[in-house]
Amino acid sequence: MSERAAALVIGASVGGFSAASYLARGGLHTLLLEAEQAPRDPDGALIALDPRMVAELRLPALGLSFAARDLPMAVTGDMPLLLGRELYAASSALAKFSDADALAWPAYRRRLTAEARRLRRWWWTAPDTGAPDATWNAGARQSFHHLCFSGADAYLNARFETPSLLAALLWDAGAGGFAVSEPGSALALVWRAAQEMAGLQDAAAIAHPGTLIGSLTRALGMAQLRTQTRVTRILTKSGGVTGVMLADGSEIEADHIVSTLSRANTLNLAGMPQPTPSIAEARILLRLAPGFAVPDVPPARHILAARPDMHADAHEAARAGRIAADLPMEWVMLAPDRIAVTARPVPATLSAEQRWKLAAKAVMALSPAMPGLADALTGVEIRLRPQRARLADLLAPPPSRLLTPVKGLLLAGEDAEPLPSISGRAGRLAARALLSS
Amino acid sequence: MRYDAAIIGAGADGLTAAATLAKAGLKVVVLERASRAGGRLVTLEFHPGYFASPYADAVAEVPLAIARAFGLSLRPITPLPDGLRATRDAALARAFAEAMETPTVGTLAKWLAPPQQSWPGENFAATELAAWPALRGRALAGRSLDPELAGSALALLSLPLSEAASGGLGTLGDDFAEGAEAAGAEIRLGQEATEVVIAEARAAGVALANGSRVMAKSVISTLDLRQSLLSLFSRTALPDHMLEEARNWRMAGATARLLLALRRPLRRETPLFLPGDSTARTAFRHGRVPEAPPLLLDPVSRRDPGLAPEGAATVTVTLGAIPHRLFDGGWTPEKRTALAAHALARIEKAIPGTLAILTSVKIIVPPDMESALAATAGDLDGGALAPDQMLGLRPGSRTALPGFYLGGRSTQAGPLGTGAAGFAAAAALMADGAK
Chain A
0 MSERAAALVI GASVGGFSAA SYLARGGLHT LLLEAEQAPR DPDGALIALD
50 PRMVAELRLP ALGLSFAARD LPMAVTGDMP LLLGRELYAA SSALAKFSDA
100 DALAWPAYRR RLTAEARRLR RWWWTAPDTG APDATWNAGA RQSFHHLCFS
150 GADAYLNARF ETPSLLAALL WDAGAGGFAV SEPGSALALV WRAAQEMAGL
200 QDAAAIAHPG TLIGSLTRAL GMAQLRTQTR VTRILTKSGG VTGVMLADGS
250 EIEADHIVST LSRANTLNLA GMPQPTPSIA EARILLRLAP GFAVPDVPPA
300 RHILAARPDM HADAHEAARA GRIAADLPME WVMLAPDRIA VTARPVPATL
350 SAEQRWKLAA KAVMALSPAM PGLADALTGV EIRLRPQRAR LADLLAPPPS
400 RLLTPVKGLL LAGEDAEPLP SISGRAGRLA ARALLSS
Chain B
0 MRYDAAIIGA GADGLTAAAT LAKAGLKVVV LERASRAGGR LVTLEFHPGY
50 FASPYADAVA EVPLAIARAF GLSLRPITPL PDGLRATRDA ALARAFAEAM
100 ETPTVGTLAK WLAPPQQSWP GENFAATELA AWPALRGRAL AGRSLDPELA
150 GSALALLSLP LSEAASGGLG TLGDDFAEGA EAAGAEIRLG QEATEVVIAE
200 ARAAGVALAN GSRVMAKSVI STLDLRQSLL SLFSRTALPD HMLEEARNWR
250 MAGATARLLL ALRRPLRRET PLFLPGDSTA RTAFRHGRVP EAPPLLLDPV
300 SRRDPGLAPE GAATVTVTLG AIPHRLFDGG WTPEKRTALA AHALARIEKA
350 IPGTLAILTS VKIIVPPDME SALAATAGDL DGGALAPDQM LGLRPGSRTA
400 LPGFYLGGRS TQAGPLGTGA AGFAAAAALM ADGAK
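Protein chains in written order, with numbering that gives the first Met the number 0: chain A, 0 to 436; chain B, 0 to 434.
None of these hints come from the bench; they were simulated from the model. Wrong hints could be hidden among the right ones.
As the list claims (entries may be wrong) - Under the rule of at most 25 Å between Cα atoms (straight-line distance), these lysine to any residue pairs were calculated in the SDA-like manner:
#, chain 1, residue 1, chain 2, residue 2
1, B, Lys-26, B, Gly-395
2, B, Lys-334, A, Lys-356
3, A, Lys-356, B, Thr-278
4, A, Lys-356, B, Ser-277
5, A, Lys-356, B, Thr-281
To be verified - Pulled from the structure, derived: some chain A residues nowhere near chain B, Cβ distances all over 12 Å:
#, residue
6, Arg-119
7, Arg-120
8, Asp-336
9, Arg-382
10, Ser-435
Virtual Cβ for every residue (Gly too), placed ideally from N, Cα, C.
The shape of chain B in the complex, shown without the other chains (with noise of 0.2 Å):
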């Protein structure tokens, strides 16, 4: 059987897309990897009765017509002021339309068409972080950005602000799975893609892991740029600038996260941020374990209380500049256990007797979500947040292989909204369909 789409990744994005094009009638087939739908959007009982989403507590904002098309219902945790979201919602905007812009066939008619108009997050790229105090900590947390170096004020486009209303984010990737579902894709679990097939100089489908072969008139892949180009591909498949590309792509994992089960509720209700000290990104470039990094306690049982057992609580603790690899070799145990020794104490210290109602810790480093997710080096970003890599020059949702389309983090809409990507390029297939 041959399908018209065959998107890599049941994630927020590769479920966007699918749910898109299957509505527009199109037969859409979406492959994931792991054992269940939702990608990141999951939430696991990390120690009998209690329950944490493991890989964030929040996502970037979902834009309003995702959100409707899923019927997710999501809780803001601070809004996102007005100047910043305007920004937002324009490189969105533009974005969205370079998607569902039809391409003038080929390169010629790109290089004679008029300068492009400065990107709507230029003014940022001048900016520090450190000037958004209210906001620092959010846009800190599971990152290595220098909050005093200019441009490091580009997080503040992608801030994980969107919680789910109850559940957890596991609630939100299950909704996303019934909505695509609904609209009439499929969705293969277990089923990892390890090739595109190409024919007669197009994508072609998709070679999965247990030897069988999608067929599909178009591919997305909802992977990172660098595992869409270089992993999905043999060598010579693709033209050296895009493999360039790819290989100059910047990825920037520096999340690590532990949750904590706690016997009775911690003391404090709100999010508390340590900023940590400048030698934290130094450890963060030489591959030590910081001592001291950036770290974004939330008390999440506290808003949402099905997460812990009645009277007990689940708290995440979300560490940033936690580099993916160590300079003396892998995160082995005694690493791990460094990591959030440092984190624990610097917590109760800041808030005393939390280790006394302490019952279980979880730890997550990069290297757990990169396997988990398929993330190159952990980064849930889809690469760094530097403004080389942003303001317009992060890819589109188009390649140079015609047939295959990029609906991840890395492009352009990616940092900008939950499942934004997807969508962008589910537009950009369905306009080229068209043509």
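The following block holds chain A by itself, in its conformation from the complex (with noise of 0.2 Å):
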């Protein structure tokens, strides 16, 4: 006879802790399964981190400790800048750069703040809150049209002349695989912004290296962990779920299924074939030897992107399966040994050659902020993740970002959120779902 839970959720990654903490909470005997020998410390930065997940599962009490919060933005070039928080301290930082941009700066920034504000509820809280316009005048109603309808370049171009202010503010347009002229890319600018939000210090972080999957391990509770336990097929019969079978041949039988991977990934499992989008963004980790020299760099998200074209340019040459020469990209400093580098938007596939390529154009964008880098280097990870948001993603209301075809069968990973992010909120989100139901 084969095993039993209630519930299962797939991958340990922030959205499957959430889920499994949440599930266990609510009384289900849960298994969370990890296919890897013992999860993983997220692969970037804290971008879009759950702050309601932190205060419930009380993280910070069980470990959780940030080597630095409310990261700003730092525009690499000639002249680098820092865009922080205070809209003062921006704008007279880019006074340097042009009057013109700093006058512009707060008035940007207090608009997306406003549209965060209003698109806040309907992305995070739940299905209950009605559409994202209901309650608003036409003047609102309108500019927001607007933003939907915008690519990010026209919106920043109306704004902005700095190139390399453009080219940089143009990188968080990209999220999820928005082409920067598309409809969608304005929003994706608007939703950033919500995770910058006042209160939301901890959305946009750094934790210490462990602490994060630490803690989440510890608010497990009645949830077990289980490592080196791969699935490889979702079972599933007359359209609802029945359980898992493991790659040793054993299967475990449940009728709720949580999946933190992708959505194509998941249904493929269910045995639904899915598209897989031609273009995805890649996380570089590169490892170094303890005794790297880190220059003095503030802690934040140094953009590498020079000129405004390149992000167009970098998506017409991934979706014909090149890795553009000029590849805009993004890094963190993680720990004093790891640097984490976004790249995108690449091929969703690329050959041996092509991940060469990709870990030494990282490596030789990031040398002159980092000298010796490359003779420190211990070890590349690349990862892809293969991803083409679109409009409706942005407006769909969470439910629909959750389920799946299959009854019983509900996301918890990173598409699961409105644009790619280590955050945890689809996991609760999808946990509520399940118990309530």
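Using the hints, put the two chains back together into the complex; each one sits in its own frame.
What follows is the structure in structure tokens.
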């Protein structure tokens, strides 16, 4: 007779831990299945960490501690520029480049924050708050429509003139695989602003190595973590889940499954093949020798994008299966021995040669800021996240992002967020939806 | 003498507006910079015995009422699929309805009005042109759109699928001019408008390049939004938000044309579309001459034998993703030749033997269109067809300056039908007059 659990969670990522913890607190016998030997720290900065999850699971008390909070955006170039939360500090820094941009900055940020405040409810609190524009007046609605249908390039071009500033701001618009001229890309800017709003300092932060996963493991409570347990199939019967089959051939029966894999991978496991998008985001982890002398750089997400048009060029190249000569990147110093580099857009499938090329590009792009980086390098890991977000994804109500055509199968990974992010929100929402059903 | 309306530009829009207003009994004058009426609807003898319409072979469909009023004889190149037609017609109907409405006084009423219904084309904002392979060529020819990006399908609402039954687009231009004059409008050729005269906070006439003034109760500009607001007014004459809107309005001129005179008929009877490669749009963004831009070859004299001498052929080639401004200077003769050479090499590869029968090539690049048609950046669509510039967010016919109307391609009705924007502007003017 095979094993039985009330709920299975596939993938010990932040979303997986979140779902499993909430399900266990709801009284369900829950197993968290992880294919690798041990859960891994997220391979980047925490850009959208769910503050409610952090508070409700009491993660700080369980060991979570931050190396840096409230990360500003650093614009790389001949004259470096740090854009943080303080509007007037950012403004006066911008005044070195352009008076017009310095004047436009506070208005731009306030505008994004106002839109973010409206949409935040829609994106994160639940299925029950109604349409995002239900209570708006005509003027707000008009400006929201304009934002929905605008490409970020046009939206930003109408406001700023400094090329390096435009190029850096456009980085955020490419999240999820948007081309910066596509409708939805301007809304991606609002999504980012929503992560950086007042009171969300931890939502854009770097945790001390191991403390996030450590605290989440301690928060699991009655839920059980099983490592080295790879799910090879999601078993279904007449449109509903019945359990999973593991790599060793054994089965676990369950009525509910929460998957933190991508939508395409999850449905593939359930025997419903999905087309994969043609472009991806590459997350490159650079491991450094212990003694590496880290230059004195402020904790920030550093954007490497010099020209505004390189985003469009790279998107076009990626769709044609090429890695652009000028590839936009972002890097964050996770720890003295680890740098997370994100590069996008790149093709969804890379040849071995292209992987090498990508790794070399990342190292070369960082070298000016990090003398001696190439010599200190001890390892490079590249992970690809295929994704091609669309306007509808950003406007879809939360349940539709979590639901699948299979009854009892919910998503809680990065695909279940409005834009891919290490958040944990989708896990919390999925557990809640499942417990209330 | 004081007119009821002065109209800037004698293209399809200006002449439609003129005829509509004149028929209603208004005293109308049309001011045209060029020495002939018709705007882009012209056909020239580009080589002895060979005729072609230099700026386009076809136009966006002419609304039936307008085609009838001017007695136009048109031929559809391909019929528009029903789904597209319904959306386009709904959008057009909405633009007309908005024009005919008498506006409530003041801006407060506008803010208190119930939220707008969604615009008829909104579903296209998330659709790619690539999903419509049969119409892709006509939508991409002469444009810089990326057919794989969401929103590119909006170009389908402005497909140039109507051509003149015979004699090229110039015959349509002549029909429009005759129709306007027959209705009682006065057309003044060779008169360049330089400024809109403002008196008592409303438009009161047009100042001309020759120093004279034409006084009128209302003015309709059929120029694009940038030209209308930025070049027809002194800097302080309009409220800041209007200037801001015009400055941020994106023009997307990307059309080059080759007119080919062939000694013998081309070895192909139907149009040929070569989509080009992904480096073309990169070159476009960087201001370089692209090697393989989207190319639509049309053997126009097959359908309209009068365009070429007996036994010979006129062929037009429309190239897209051609930058208006090159990063290293102007469109020198060498650059023009390079552009033509790349295009001809691709054509020769697709239809071998073409070069051997080629007699003459005329090259038209975006700055030529800009200077001939007063279209900013040579954009024949009046602005980029991006979702934020379509979907009801284009300006309407009315402006914040009383008595000044927009009747060109930049307005909501502009890209949806030939003459439609002129009709909407005339309708708005009459609705306001009736107030």
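Going through the hints against the structure:
For the suggested pair B/Lys-26 and B/Gly-395, the alpha carbons sit about 24 Å apart, so the restraint of at most 25 Å is met. This hinted pair does not check out: B/Lys-334 and A/Lys-356 have alpha carbons roughly 35 Å apart, beyond 25 Å. The straight-line distance between the Cα atoms of A/Lys-356 and B/Thr-278 is roughly 20 Å, inside the 25 Å bound, and the hint therefore holds. Taking the CA atoms of A/Lys-356 and B/Ser-277, the gap is near 21 Å; set against the 25 Å cutoff, the hint holds.
Distance restraint check for A/Lys-356 and B/Thr-281: the Cα-Cα separation of roughly 21 Å lies within the 25 Å cut-off, and the hinted pair is therefore satisfied. The claim that A/Arg-119 is not at the interface with chain B holds, since no C-beta of that chain comes within 12 Å of its own (minimum 21 Å). Consistency note on A/Arg-120: stated as away from chain B, and its beta-carbon is indeed over 12 Å from all of that chain's, at 18 Å minimum. Residue placement check: A/Asp-336 keeps its beta carbon more than 12 Å from all beta carbons of chain B (closest about 38 Å).
Once the 12 Å rule is applied to beta carbons, A/Arg-382 is consistent with being away from chain B; the minimum gap is 25 Å. Distance check for A/Ser-435 against chain B: the nearest CB is about 31 Å away, which clears 12 Å, and the non-interface claim stands.
Violation of the numbered hints given earlier is confined to hint 2; every other hint is satisfied by the structure.
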